[in-house]
Amino acid sequence: MTDTRRIEVPVLTRVEGEGALDLRLRDGEIEDLQLRIFEPPRLFEKLLEGCPWSDVIDIVARICGICPVAYQMTAAQALEGLFGVTVDPAVAALRRAMYCAEWIESHALHIHLLAAPDFLGFDSVTAMAERYPDEVRRGLHLQRLGNRLLALLGGRSVHPVSVCVGGFTRLPGQDDLAALLAEYRKALPLAEDLLA
Amino acid sequence: MTGKPRIAVHKFASCDGCQLAFLNAGEDLLILSRLVEIVHFPEAGPLDPEAKVDLAFVEGSVSTPEEAERIRIIRQKSRLLATIGACATAGGLQALRNFADAGQWLADVYATPATVSALDTATPIREHVKVDFELWGCPVNGQQVLHAVRDVLFGVQPAIPDEKICLECKRRGNPCVLVTRSEPCMGPLTRTGCGAICPAMGRGCYACFGPAENPNTAAFANRLEGLGLVPDEVARRFHFITSQAPAFREAGKGGERDETA
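From first to last, the protein sequence lines stand for chains A and B. So in the numbering used here, spot 146 of the first sequence is number 146, and the numbers just go up one at a time. In the numbering used here, each residue's number is its place in the second sequence (first place is 1) plus 196.
Note that these hints are calculated values from the structure, not bench results. Careful, some of the hints might be misleading.
[Said to hold, decoys possible] Straight-line Cα separation of at most 20 angstroms, SDA-like style, residue types lysine to any residue; simulated pairs:
id	chain 1	residue 1	chain 2	residue 2
1	A	K46	B	D454
2	B	K200	B	K273
3	A	K46	B	T317
As the structure is a computational prediction, the values presented were derived from the model and not from experiment.
Please work from the sequences and hints to get the whole structure.
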């Protein structure tokens with residue numbers, strides 16, 4: 001006798017974006033799988049056409065609120081390719097730091113607020129925090145460090161404002177960079193503990 | 197309110213960045229979860245789209261027939277409804293289709309546009325249902341969101357600043373980029389809430405927080421032309437991220453790509 005099951009997930013949770021998933025299983029094997037992404041179209045491909053080049057970096061950030069830096073860096077490099085500009089190694093290093101800051105923020109958020117509660121059977125991060133307060137605090141600390149570096153280099157962590165063709169509209173002061181670097185160094189053991 | 201107030205966070209057409217006001221709040225998010233019950237917030241986990249709540253936050257603009265229907269249901273189920281961010285308050289970048297042939301845009305992007313559900317316009321939430329208070333910004337200021345929750349818990353209408361960015365620049369001691377560098381900075385027309393970060397970072401404001409109180413758009417448009425911007429460039433300053441704020445929608449009319457003018 002065959003065992004057929006249907007699993008319908010009308011709204012995928014704990015993920016950026018809007019989607020649904022339908023599964024049909026027969027005897028434990030997936031017979032049919034439908035993934036529906038119904039994120040409404042915003043038509044960036046068209047609204048960018050005819051825009052002044054100096055608006056592009058601000059515009060493409062808004063493709064995604066979780067990873068605006070990825071789009072801004074891509075756009076900056078694309079425009080620099082068009083202009084034949086090579087950025088200073090210091091600028092390249094700061095850009096890499098900014099990109100890494102977005103990874104640190106995004107991955108810490110994903111791990112602690114979205115994925116770990118699910119894997120460990122908690123309804124939410126707050127429920128998980130009651131059982132694992134130190135681990136959640138550690139995750140929030142790492143997330144905050146990512147956001148602070150983004151804000152230092154970009155003005156704010158969501159839709160930074162200082163990325164431009166050629167580099168940055170303003171660079172942070174040495175003292176501010178040194179202070180944040182010290183905090184990152186102090187947090188390195190926390191990151192290692194997270195992976196352990 | 198008896199028991200913990202119930203809160204929902206809804207997403208419409210948006211980049212999802214305003215919800216980070218909650219997810220980036222760190223310890224404050226844990227405190228918030230003790231003060232209120234978050235019954236619907238799909239990105240964080242809780243799913244109950246039609247739950248009755250005391251306060252619903254809405255991010256994003258209405259850009260599909262399904263969204264136009266969903267916002268009405270949310271309004272019915274929510275004692276208070278607040279919009280967060282430029283998309284929900286002023287359309288967002290996706291509202292730029294409103295000035296163009298949106299059907300043609302859709303066909304240019306998608307091979308089979310008939311399979312894509314989209315309205316010709318992306319509109320602010322207040323054009324569909326009554327909104328109790330609005331928090332502007334792209335992204336919204338996370339502190340403003342948390343303060344608004346506190347205000348609601350105390351039973352008061354949130355006081356949301358709408359003064360111009362120039363005042364914030366003066367408080368921060370920013371050199372004025374409009375005056376010293378002839379940057380087309382929209383600060384004199386734009387509401388504060390961002391902390392005047394663009395001038396602080398050495399570039400002009402691009403009005404992502406929308407119009408301030410009593411914006412003199414005509415005089416400022418004149419000033420922009422004086423800086424050397426041609427009329428189409430001036431129009432683009434208004435028809436950008438917050439184009440559906442009435443003052444900006446009006447002020448940007450007549451640009452090259454405005455097919456409605």
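Consistency of the hints with the structure:
no.	hint	in the structure
1	A/K46 / B/D454	holds, 14 angstroms
2	B/K200 / B/K273	holds, 17 angstroms
3	A/K46 / B/T317	holds, 14 angstroms
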